[in-house]
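*Asks:* Below are the chains, spelled out letter by letter.
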Amino acid sequence: MQRMIWVLWPSFVVAGIAEAVFFTLIDPQELYLFGEPVSFSRIATYSIGFFAFWALCAASSMFTCFIQRSSSEINKCPLPQRERPKDCPKFDE
Amino acid sequence: MAQPAPKPESTGAKVIPIKEASLYEAHKKIYARSVSGRFATWRWILVWATQIIYYGLCWLEWNGRQAVLFDLVERKFYIFGLVFWPQDVFYLAVLLIISALSLFLFTAVAGRLFCGYACPQTVYTEVFMWVEKLIEGDRPARMKLDAAPMTSGKLARKAAKHAVWLAIALWTGFTFVGYFTPIKTLASSVLNWQLGPWETFWIFFYGFATWGNAGFMREQVCKYMCPYARFQGVMFDPDTLIVTYDAERGEPRGARSKKADHKAAGKGDCVDCGICVQVCPTGIDIRDGLQYECIGCSACIDACDQVMDKMGYPQGLIRYSTEHALAEHWGSKQIVAHILRPRTLLYGAVLATIIGAAAVGLTMRQPLKVDVLRDRATLAREVEGGLIENVYRLQIMNLAEEPRRFALAVTGLKGIQLATESIVEIPPAATQAVSVRVRVEPDAGKRGSNLIHFEVRALNHDEVFVREKASFLLP
Numbered sequence: 001m002q003r004m005i006w007v008l009w010p011s012f013v014v015a016g017i018a019e020a021v022f023f024t025l026i027d028p029q030e031l032y033l034f035g036e037p038v039s040f041s042r043i044a045t046y047s048i049g050f051f052a053f054w055a056l057c058a059a060s061s062m063f064t065c066f067i068q069r070s071s072s073e074i075n076k077c078p079l080p081q082r083e084r085p086k087d088c089p090k091f092d093e
Numbered sequence: 094m095a096q097p098a099p100k101p102e103s104t105g106a107k108v109i110p111i112k113e114a115s116l117y118e119a120h121k122k123i124y125a126r127s128v129s130g131r132f133a134t135w136r137w138i139l140v141w142a143t144q145i146i147y148y149g150l151c152w153l154e155w156n157g158r159q160a161v162l163f164d165l166v167e168r169k170f171y172i173f174g175l176v177f178w179p180q181d182v183f184y185l186a187v188l189l190i191i192s193a194l195s196l197f198l199f200t201a202v203a204g205r206l207f208c209g210y211a212c213p214q215t216v217y218t219e220v221f222m223w224v225e226k227l228i229e230g231d232r233p234a235r236m237k238l239d240a241a242p243m244t245s246g247k248l249a250r251k252a253a254k255h256a257v258w259l260a261i262a263l264w265t266g267f268t269f270v271g272y273f274t275p276i277k278t279l280a281s282s283v284l285n286w287q288l289g290p291w292e293t294f295w296i297f298f299y300g301f302a303t304w305g306n307a308g309f310m311r312e313q314v315c316k317y318m319c320p321y322a323r324f325q326g327v328m329f330d331p332d333t334l335i336v337t338y339d340a341e342r343g344e345p346r347g348a349r350s351k352k353a354d355h356k357a358a359g360k361g362d363c364v365d366c367g368i369c370v371q372v373c374p375t376g377i378d379i380r381d382g383l384q385y386e387c388i389g390c391s392a393c394i395d396a397c398d399q400v401m402d403k404m405g406y407p408q409g410l411i412r413y414s415t416e417h418a419l420a421e422h423w424g425s426k427q428i429v430a431h432i433l434r435p436r437t438l439l440y441g442a443v444l445a446t447i448i449g450a451a452a453v454g455l456t457m458r459q460p461l462k463v464d465v466l467r468d469r470a471t472l473a474r475e476v477e478g479g480l481i482e483n484v485y486r487l488q489i490m491n492l493a494e495e496p497r498r499f500a501l502a503v504t505g506l507k508g509i510q511l512a513t514e515s516i517v518e519i520p521p522a523a524t525q526a527v528s529v530r531v532r533v534e535p536d537a538g539k540r541g542s543n544l545i546h547f548e549v550r551a552l553n554h555d556e557v558f559v560r561e562k563a564s565f566l567l568p
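Protein chains in written order, with the numbering used here: chain A, 1 to 93; chain B, 94 to 568.
Chain B extracted, bound-state conformation (with noise of 0.2 angstroms):
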């Protein structure tokens, strides 16, 4: 991990008192200074890309249903032409493991990606703060306007900022109710105001956290609440790319001129402008070394950036860097090239492997299953002719989006056959229970359990078949 960088004024031997320190600090409220740069104008691509999916996946048609939805109700999540079932849990398992596998190798390679370009708290702050900027202006504005006593136009303008915040919140939750309700019968309800009680709930619920969490919480949910930021450090390793402050280059800071020659009088290229601890949303300083607070969004990196080109010295004394680089002084060659090391490889290879499984099974998948219930009421009885009949429930699911018909058939036993209808149509996307009376003669097997098969092919798609077990009694 990087060191902190040494403080000038630590010379000689000192005590250092002992303090239990709270874990929650009195919070001081952070008024990140706006940034522009390359990792802002990423970040503002991300909010972007991430915000346009999620307001408006929900909105897409596919087969004349909404093309995203995780249908509650009815029990079913599709997603364009897939549907699962609370059968196909498996599936969701191995989205879960991909996530996690996915966040294992982002983290590995370049610290918290997701955390400071797509993480939906950076996110949603990023969107707030560009709204406060619009209203109450920048860092300095804010922090006037907010030890300014109360006037008419201070509250019109707090009043416009959380108007403007609850409208863009309780878009997100209705947005967010839109995934497991459809979203076309929602908006209906809304504007007719028929709304069901637990719609309204959740979506001034999921409203209420966002507004709470992306204007007023904010950097303390990342410090306080978010799990991740706390194990973050045991997915790190020497190679991993983190923002990092070159304290070799940088120290000993001091403010000079700028026609000075700062080398000649000793100095590093650090002038202590303090710009990158003002744009930091956690308010952290990156020259005291990496910190868990840290999320990885590269404001300070652009800000310093800026001050480097002012001053005329070389960008990157905040950058991008490895903590091998930074000993080492590797340049960005050596840095990309230990991007492969045997840690991302693994994740990367077992990464692929689940991700290439799942796609096969995906692709395998029938769109029919089919479950045997035996009749509790009656093992077995004895017909016309001298037959044995079993009664046997067939539970049918047609998970393909139209209606169709299936031939049911059973094997296993000699003259075995079936009492009952053959064939059967279900709706699209539906379960059926079909209920099957199954006749052999009385010799054609052993006294008590046979093993039968149960085969469900479905008509003009022979591919899509399923052969299920059951067991046959003979008294």
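Isolated chain A, as found in the complex (with noise of 0.2 angstroms):
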């Protein structure tokens, strides 16, 4: 829950920036998709634009609270402790 609120929030006051520097410079109509111009309306393109930047920025945070977690977390059993075995070394962590 922690993790989650971490990449989502901080991703959207992110995006809502992105949005609008992006959307003030461009205008969604001059916008091309696969090759063809954009037929949504205005409004559908800055809604799509904007959860397409929360969802970017989003998996940006994930990958940075991925790659932070400490050694210890990584090197730990993912078993809990009642489920390892009783020869395992790292029995007592």
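It is worth saying that the hints were derived from the structure and are not from the lab.
Just so it is clear, CB atoms sit at the ideal spot from N, CA and C, and this is done for glycine as well.
Wrong hints could be hidden among the right ones.
Claimed, not checked - Which residues of chain A face chain B? A partial, calculated answer using Cβ under 10 angstroms:
(1) 10
(2) 20
(3) 23
(4) 25
(5) 26
(6) 28
(7) 29
(8) 41
(9) 43
If you follow the hints, you should be able to join the two separate chains into one complex; please do so.
*Replies:* Printed below as a string of structure tokens:
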């Protein structure tokens, strides 16, 4: 849950800024999608654009979260303690 | 920064256990006690002022259209008499700079004034808490209600609260969308159940965010989500007015009888009633000193002043003060004198300069813009009479909200003339592309590119005039 908020909230803020800057400078009707001019209404393009920015920023945040895990977190045994075999070297972790 | 008040029991050496604390503690619901007083009144005044503007402004008419409308579909922003086009993005940047500088200035002078009184998070939380108090009662009643098992009475109260909250939230969402798409059309589509999918989505999205943020998230938005709370500290200095507990006067704190001479008993003015903690919307104890969670709402000042009145002590055990004032025992006169200091003067001067420049820029702004594009298909061609012709596309934007006729002219080469219509009429606040053919004698200039100018002047408005560069090619 915490990680989800870490990912979703900052990306929401940055996506909002990116959306404003991008569509202030570029008219959605001048965009091309797969070689065809964008045929959606402007409101639809803005909305889809926002979610695309959000998804991209979230992907970046998610990657940050992923690589900032400490080595102990990565090396940790994924099983809960009671399910670990007795002779496991990480039994007591 | 203010020092944490010494705890009465802190005597002797102590081993401080090092504990890795999570940034996000397990959330305990905060039941803020309602408060009245000087600062609470100010907050309500600002709640009313900001919300009358927010809910009302979108319904105002101006020149037969919505007075304030950020028309995303047409890509035009209307603010009363002004119409902004994407070409005016410069003013948006200026507006952002002005907002940032104002925040710096206000924070340097008196801390988180914005947070405590005008931030939408504070404003809607205040409104939602007022509804909550009306339906569920004040702090003790709410705590009791939440602890009680679910009964039909409890269900009815909770349902009523959420119904009112949702109504406010949806109206807020509707108003928000009404700033981006004309609100009267929006209202009639809502009434006829003909709302477009995206409008519906954004009304519910914004409404849901309002309901969640003001009803549930509340102080957590300030503590965990707001970036301003994290960097406010760098804008404070020892002369910044902040909500401060006067530890020197208050400590040692403790309960006492109203009649007892507490000073003779070695006690300070703080009766340790804990009301300052109960009223705090972020649930902190201001007596521990300045904390990043403090949004500067001053609820604790109002609450403590009432307790001081009851005890017959002077008000202001918790008050707006500065670090310097507390250390040097300054009066209000000296505190006010220190508002003017290099930092605030510099912020103020830069702010005033930018506002002034933007105002001058706006008043001198031409309600006409012209872009010249060369026709790429035909560079230069010879036409009847041996003249050389170049073709251009003039993108003429009439920013005025009335139809205007513009006279086109071209200068820069000997005998240069327009071969097309020299008067164009453009509807109000519209763009029109005009194809223009320009001719000269073949020997009027050098071979290759020659600098010419297009001049566009509004008829009957001589001051509305734009001169744009272009190049004329001679073979």
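*Asks:* It remains to establish, for every hint, whether it holds in the given structure.
*Replies:* Going down the list of hints, with the structure as the test:
1. 10: holds, 9 angstroms
2. 20: Hint holds; residue 20 of chain A Cβ to chain B Cβ min 8 angstroms, cut 10 angstroms.
3. 23: holds, 8 angstroms
4. 25: holds, 7 angstroms
5. 26: Given a least distance of 9 angstroms, the restraint on residue 26 of chain A holds.
6. 28: Cβ of residue 28 of chain A sits 9 angstroms from chain B, so the hint holds.
7. 29: holds, 9 angstroms
8. 41: This interface hint holds because 7 angstroms falls under the 10 angstroms limit.
9. 43: holds, 5 angstroms
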